[in-house]
Structure formats: C-alpha cells, structure tokens
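Quick mapping for you: the protein sequence lines, in order, are chains A, B and C.
For what it's worth, UniProt numbering labels the leading residue of the first sequence as 1, then goes sequentially.
For what it's worth, UniProt numbering labels the leading residue of the second sequence as 1, then goes sequentially.
For what it's worth, UniProt numbering labels the leading residue of the third sequence as 1, then goes sequentially.
Certain hints may be false.
Stated by the list, open to error - Pairs of lysine-lysine, DSS-like flavour, derived with a Cα cap of 27 Å:
id: 1; chain 1: A; residue 1: 104; chain 2: A; residue 2: 65
id: 2; chain 1: A; residue 1: 104; chain 2: B; residue 2: 175
id: 3; chain 1: B; residue 1: 181; chain 2: A; residue 2: 115
id: 4; chain 1: B; residue 1: 175; chain 2: A; residue 2: 103
id: 5; chain 1: A; residue 1: 209; chain 2: B; residue 2: 162
id: 6; chain 1: A; residue 1: 182; chain 2: A; residue 2: 219
id: 7; chain 1: A; residue 1: 47; chain 2: B; residue 2: 181
id: 8; chain 1: A; residue 1: 327; chain 2: A; residue 2: 282
id: 9; chain 1: A; residue 1: 101; chain 2: B; residue 2: 162
id: 10; chain 1: B; residue 1: 102; chain 2: A; residue 2: 127
id: 11; chain 1: B; residue 1: 175; chain 2: A; residue 2: 139
id: 12; chain 1: A; residue 1: 177; chain 2: A; residue 2: 219
id: 13; chain 1: A; residue 1: 107; chain 2: B; residue 2: 181
id: 14; chain 1: B; residue 1: 175; chain 2: A; residue 2: 74
id: 15; chain 1: A; residue 1: 47; chain 2: B; residue 2: 82
id: 16; chain 1: A; residue 1: 115; chain 2: A; residue 2: 177
id: 17; chain 1: C; residue 1: 89; chain 2: B; residue 2: 192
id: 18; chain 1: B; residue 1: 162; chain 2: A; residue 2: 104
id: 19; chain 1: B; residue 1: 181; chain 2: A; residue 2: 139
id: 20; chain 1: A; residue 1: 182; chain 2: A; residue 2: 209
id: 21; chain 1: A; residue 1: 177; chain 2: A; residue 2: 139
id: 22; chain 1: A; residue 1: 47; chain 2: B; residue 2: 175
Derived by calculation from the structure, the hints in this document are not laboratory data.
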Amino acid sequence: MTEIRLQNINQYFGETHILKNIDFTFLEGKFYTILGPSGCGKTTLLKIIGGFVNQTSGDLYFGDKKMNEIPANKRQVNTVFQDYALFPHLNVYENVAFGLKIKKVSKVEREARIKEALRFTNLTDFKYRDIEQLSGGQKQRVAIARAIVNEPDILLLDESLSALDHNLRVDMQYELKELQQKLGITFIFVTHDQEEALALSDEILVMDKGHIVQAGSPKDIYDEPLNKYVADFIGESNIVEGEMLEDGKVSIYGRAYECVDGGVKSGTPVEIMVRPEDIVLKPLEEGHLNVTVDSILFRGVHYEICVLDEDGYEWVIHTTQKTEEGKKVSIYFDKEDMHIMVPGEKEDEFNERLELYEGIL
Amino acid sequence: MKRVLALPYLLWMVVFVILPVFLMIYYSFNDMSGNLTLQNYAEFLSSNYIKMTLNSFWYAFLITVITLIVSYPLALVISRLKHKTFWLLIIIIPTWINILLKTYAFIGILGINGILNSVLEKFGLMKIQLLFSDFAFITVAVYIFIPFMVLPIFNSINGINKNLIWASYDLGASKWEALTKVIIPLSLEGVKSGIQITFIPALSLFMLSRLVAGNKVVTLGTAIEQQFLTNENWGMGSTVGVFLILFMVFVMLVTRTKKESI
Amino acid sequence: MNTLSRSFLTVIIIFLYFPILYLAYYSFNTGGSMTSFEGFTLDYYKSVIENKALMTVIMNTIAVALISSGFATIIGLFGAIFLYLIRQKYVKSTLLTLNNVLIVSPDVIIGASLLILFSIFGIKLGSTSVILAHIAFSVPIVVLMILPSLYQQNSNLVLAAHDLGASAFHVVTKVLIPNIKPGIFAGFLMALTYSLDDFAVTFFVTGNGFSTLSVEIYAMARRGITLEINAISTVIFVVVLTISFIYYFVSDKKIKRGKTT
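Full structure from sequences and hints, please.
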C-alpha cells in the first residue's frame, strides 16, 4: 500500500513562508499526529497531502507515485474537516453515500459499505437523521464514516476533536484510536492539543514556524525533548540553565550533579529539564536545592506546588505529598529524570548523541 | 410609551396596507356607476382575459428563466473572483440609474435606425423592426432584472462554507459534480428569492410594454393601468388587481424560503 | 478563473453598461438623434439647465425623495423598535408579514390601490398624494433595514439600562437609537433610492401638473427621442458612479484598517 513521502516541501502564501524544507516519510498504517501552535503550518501540510493546496516547491509521493499534479478528487486520501463540512442538504445516509455515488460504486456494494461504515461509527440508528439534528459528537462520527466508507489509504483529520467538549473529546480519542487499529490505515491527525497527541499517536511531529522540530513516539518526545520549545509544548516542565562539565556531570547554579547524558563538549552551556512529576519533596537540606513553598493548588489526582529556590527561580511540582505554603523544604530528583538539552542542536545530532550514550552512563 | 411612538407605524399599517387591499377587493365588485356586481369577475373569466393572463404568465416565465440562466453563472463567477464585492458593485450600479432612462436607451438601440440594425446591415443582413416587438420586451426586462437576480444568488453562493466544496473534491467529485451536487442545491434559497424578485414584477410591467413593445405584449400590469387610467373603469382594474394579488401570493408560497416558513 | 468565465463576465458587463454609455455618447451629438453622431456639442446640457419646467421636475423629484424618506425613516424607526420589543412570536410574525406586503406587491397594485384610497379620502392628486404614496412604500423598507441592527446589538444592553434605572423613554432614546445609527442611515438611504427610482406608483397617483423625473421621462419618451433625456441620464450616471466608488473605497479601507488593528 502506501507510504507518504514529503521531499523538501516549501510553501509560500504571498511573502509568508509557511512551510520550510519539509522532509518526512509517513509509514503505512501508523497513527501520526502533527502538533503545533496555530500558524505553525500544520494545517497547510495536511492540505498539501489532501491536495487542497499545491506546494510552492518540493515533491509529494504516495508510494512511488509522484502526486504533485494529482488533484484532490483523484487521491486515495480522505479528510475529516475541522468543522466536519457535512452537507447540510443531505441526511446522514446521503452524506456517507456521497463519495460512493460519485465513484459509481454498484448499488449492492454501496449499501453494504455504507452499512458497515455506519456500524463502525455507531450511527446505524441515525441513518436518516438530518445533519441539523445531530449533536457535535454525532456529526464528528458522520464525518468519519463519510471518509472511511471510501476505503482510503490515508485518513487526514484536521483538528477534528477541537469543537467537542472535554468529556466527549476524551471518548472520541478512544474511538479514533480503536478505529485506526481496526482499519489499519494511516491516520494523520492535526492538533494543537498536546494531551490528544500523547494519547493517540504512534508518532508525533512537533512543528514550529514551518519546521518539523522533532518527530518521535510520544514517550520519546515527552522524555527526551530536543529543546525548550518541545519541552514546553509537550507537558509541563522545569527548565534551568547549566553547564556541561563532562560526560555524566552537569553543573547547575555552580553545583555539580550526576546525570545520564553525555557527548557534549565540556563547558557547553546547556538547559536541564525536569518534569514536575519527577520531583520529590524532602526535608530541608536533604535534597538537591533548598526551596520555599509559594503556592499549592489541588488538582484532583495530585497537588500542583510552586516553590521558589534560593536564586528566585520557580519550580513546579506535581506530587501527592503534603506540604504548607511558606514552608522551607528541599527538592530532589533522580539523575535519570534530568534531561540535558543543548540549545541550537539539530534533531539528527540530538538523536545520534542519544543513541551513543543510551545505557552507557 | 412604546405604543405612543409606534402609533404612526400602526396607523400606516392600517391605512396603507390593510385598507387598500380591502378597497381593491370592494371595488372589484363595483361596476362603473358604483353598483355592486359580479360582472367584472365574469368578464375576467372570459376567454379574452384568460388569454391575456396566460400570455402575461408566459412572458413572465420566459423573462424569469432567461434572467436566471444569465444570472446564476454570473453570480457563480463573481463569487470566485478576488475582489468580489467590487465586481458585485459593478453589476449593481446600473440599478441606480432610473429604470425609465434605461428603457429609453433601448428605444435608441433597437430602433429601425438604431445601432443594432446598423450592425446587422454591415453584415449584409436586412433591417428588421426590433423595437415594438416581444423580443424588445423580453430583452429590456431581462436587462432590468439581471442585477436583482444576481444579488440574492450571489449571497447564497457566497454563504456556502468553502469546506463543503473541498469536502466534495475530497470525496472524489469533479468540479462539475461539486457544482451540481453541492453548490446548486445549497444556493436554491437564493434562486427562489431571485425568482420572486423577477417573476412578480414581470407579470405587471406596464411601462415596458408601452415604450418598447408597442402594446404588442399585454400584461396584467398593462390591463390594470389601462382600466384605471385610460378607461377609468376602476372596478375592472381592481378585479385584475385582485387576481394579480392572488397570483402573487401563490408565487410567494411556492418560492417560500426555509427561513420564512419557520 | 478560466477564460470562459472571464469572457462571460465581460460580455454581461458590456451588456449592462452599453445602454447607459450609449445614452451618454449621444448626449453630445449635434445631430439631434441617437442614430448618427455628427458633431460634439454641450447644447443639450445647456438646454436642460435652461429648461425651467424640467428643472422644476428635478427639484420636485429631489424634494419628494427627501421629504418622504425623512418621514418614512421616523415612522419606520419607531415601527422597527416596536416590532423588536414585541414578545409574542405570533403577533410579531403577523405584523412582519403585513410590513412586507408593500415590498413584494407589484408597483401597479400599490399605485392603483392608493389611487382608490386617495380618491375616497378626497386627497387631491398632486404633490401631497405623491409624497404620501412614497412614504407608504418606503416605511417597510426602512423597517427591514433597521431591524437587523436592532437584533445585532447585545440584548443585555436594554436590560442593563433598565437595571441602571433608565425609563422606557430613556432606553429608546439614549440606548437603542444611538446604537443603531448605521441601520437608520441605511434605511434612509434605501428609502431615498426607492423614491428616486419610482415610476409606476407616482404615475398612478400624480396629477394636477405635478411630475417627477421618471414620469416626465416617460412622457418625453412616448413623444419620441429628445437628447435632453440623454444629458440628464449622463449626469445621473456620473453622480451615481462617483458616489458608488467613493463608498466602495472608503468602506474597503475601513475593512482593511480593521483587519490590521
């Protein structure tokens, strides 16, 4: 079937450089998420794959076939639009049948495929409803049914869950993931919601200002963000500046700590990231840094505690441990939980460095 | 408080909307000397008036269809332009020129020595009397109604969510299929308004038939004008008027848009 | 944008403007007809200005338009507010339907029925009847132009005003009306256009030597071609064109400015 290859794709809208030298290969049958803030170019990238926008330069391949000149209606790709774009003059059944009728699929086969698609999306009971009568979640499912009934090789989803309220969104996340596994086709999902990206994806592409900054599994990206941008975008993080001393040793505020990273020249300024849930509160002087508790917020499953260290930096901690505002304590984290980032490092250099030192230190 | 300020409005409604309709109905049962009679209705249902009514409908129908055939593609083309409001304005500007002036222009263009005939002559064709014909009537009417038809159609096409059109391409539709299966069905409301705006006045244009059709085309409007202002038979004029109102209500019901029916 | 649609648009625009430009072209013709252009002259413009009867008609037309639109705007404004404040859905939709009757009615029906009305009330046909008729068909247009701007404003505004102790009168004069000024202006302009453009209604209810431009042109055109009409038409066209383009570029700039801020 199909892998999608983007080769040096550039997109300009007038003077604005929307996509910059995008190179990426989407493997078949995986769930990809393109994650980034609005304006980073993620939707444009999706539109190029869907055939709604022609890239200014660069090549797009589906398998070995160059797709540059192929219009949207001739691509084995279907899209679930952000606003669903359901035809308001047609009912649920007619919406789902639209693509098959266009392709002149025989009536028997058409009925069978529609039935199957409606069953897949739990819409069988809503077959003859008007679009106006549907709830947001149902509309979402019709949009999905209308797309998958065409048996595309690739399904594109443009911020498809963002119009739903929180609970429904979480439910739909499960349904989407399950659907993708059942269908076994490639899903490319665009979102600005990092939780959604982490929950759904086999692989996440983090985008910023027209670049793919980092691509990898949710766990890789969460644990080993390439830089401050990715770290901040995915999950919450504490980032402090420091200096690399030698492989396995980093200095923070002039004090040396053991770490598990290496391959960085001694004396290089680095950023050290620690996730809030990896920090443990200890009695004064027993941890790495002495801090004063500034505020405590109860978040349900954990407390979100803000503390100030002696240099005035703020640390965010997620913990179930109890403490009081104004109390002086200290914070501690394992060396495995410190992640060292080198400002300006490229993704491939970063990956190389990680591979080299993985498990050595 | 609000009642006092609204009094002139309610007065207007009674005096200028409700009362005139009733007066017209009342007069339709009057003969020329003011006696109650059914004579006018009997006359209207006679063959002459029926023929005239059918005639009037036929011309109104032709005018509406031709105007629609021109206006729909025009609205579609404009909706795809970059500066669409500008081009829409260009189409609308002629409506601000007095309708009589435009009609008068056609007297010059279509006349026996007019520009159209001199063009025909250059191509070695015979001069023909274009003015004072049903051709002139339809041409001028279509000319007048095009902008009025374009406006509602443009608005409804322009209001279609662009993603719906993308969605139809996404599902394999060609441009033609996107037009016939998505854009046209979704702009029917605009078409209906356009038909309303064209068909009802087209039934009642009287000055056009006087000026450019040389009375060859007699519409319901011509009949009313003639009865009221030439024959001074207000009763018969009112009877024709009552039927025109009935036809109008019928057209309104047929072309009623969704919004209105809610 | 392919060639086919481009040429289609061009053809239609030529069709729409040809008659108007045709009139303008021959307005400068010494030949006195609309068939062959013999030489350039401004005589017809001069004769329009010198033609006292015609100037009176033009003044009449403008006066009728201004007076009737003014009255219609006041009546329509309070009518629209009244409709806006009505709570019962059924009453509201009935009144709205009645409001729209004159908009959808053919001109001849309005003209004929008002002719009956005026004769019954003994109103002499002439300037009064024409102005009354123009007010009559302008009111619903004003109402329809103002209603949307009433609905667009925040409905809490009225509640807030009441909450702050405003009387009903103050709510209307200090809150509602200032908020819908653009709608009122648009209504007035629309009434003005309808009045200036009207022929059929005026034709029915005028008399006593009182005439507006449309009626006068009709009379002149039935008598045959006179290039004075061409001259008037050219002046009107230039005025309309100028106003339209000023309006377009002013509103266009406004939109663009709005976008950048």
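Here's how the hints hold up against the structure:
1. 104(A) - 65(A): holds (24 Å)
2. 104(A) - 175(B): holds (16 Å)
3. 181(B) - 115(A): holds (22 Å)
4. 175(B) - 103(A): Holds: residue 175(B) and residue 103(A) sit about 14 Å apart, inside 27 Å.
5. 209(A) - 162(B): Holds: residue 209(A) and residue 162(B) sit about 26 Å apart, inside 27 Å.
6. 182(A) - 219(A): With Cα atoms ~23 Å apart, residue 182(A) and residue 219(A) stay inside 27 Å; holds.
7. 47(A) - 181(B): Distance ~23 Å between residue 47(A) and residue 181(B) Cα, so the pair holds.
8. 327(A) - 282(A): holds (12 Å)
9. 101(A) - 162(B): holds (21 Å)
10. 102(B) - 127(A): violated (54 Å)
11. 175(B) - 139(A): holds (25 Å)
12. 177(A) - 219(A): OK: residue 177(A) and residue 219(A) at ~17 Å, within 27 Å.
13. 107(A) - 181(B): holds (19 Å)
14. 175(B) - 74(A): Judged against 27 Å, a Cα distance of about 12 Å means the pair holds.
15. 47(A) - 82(B): The given pair, whose Cα atoms are some 21 Å apart, holds under the 27 Å limit.
16. 115(A) - 177(A): The hint holds at about 21 Å.
17. 89(C) - 192(B): This hinted pair holds, its Cα atoms lying about 25 Å apart.
18. 162(B) - 104(A): holds (25 Å)
19. 181(B) - 139(A): Judged against 27 Å, a Cα distance of about 20 Å means the pair holds.
20. 182(A) - 209(A): violated (34 Å)
21. 177(A) - 139(A): Within the cut-off at roughly 18 Å; holds.
22. 47(A) - 175(B): OK: residue 47(A) and residue 175(B) at ~18 Å, within 27 Å.
When each numbered hint is compared with the structure, violations occur for hints 10 and 20.
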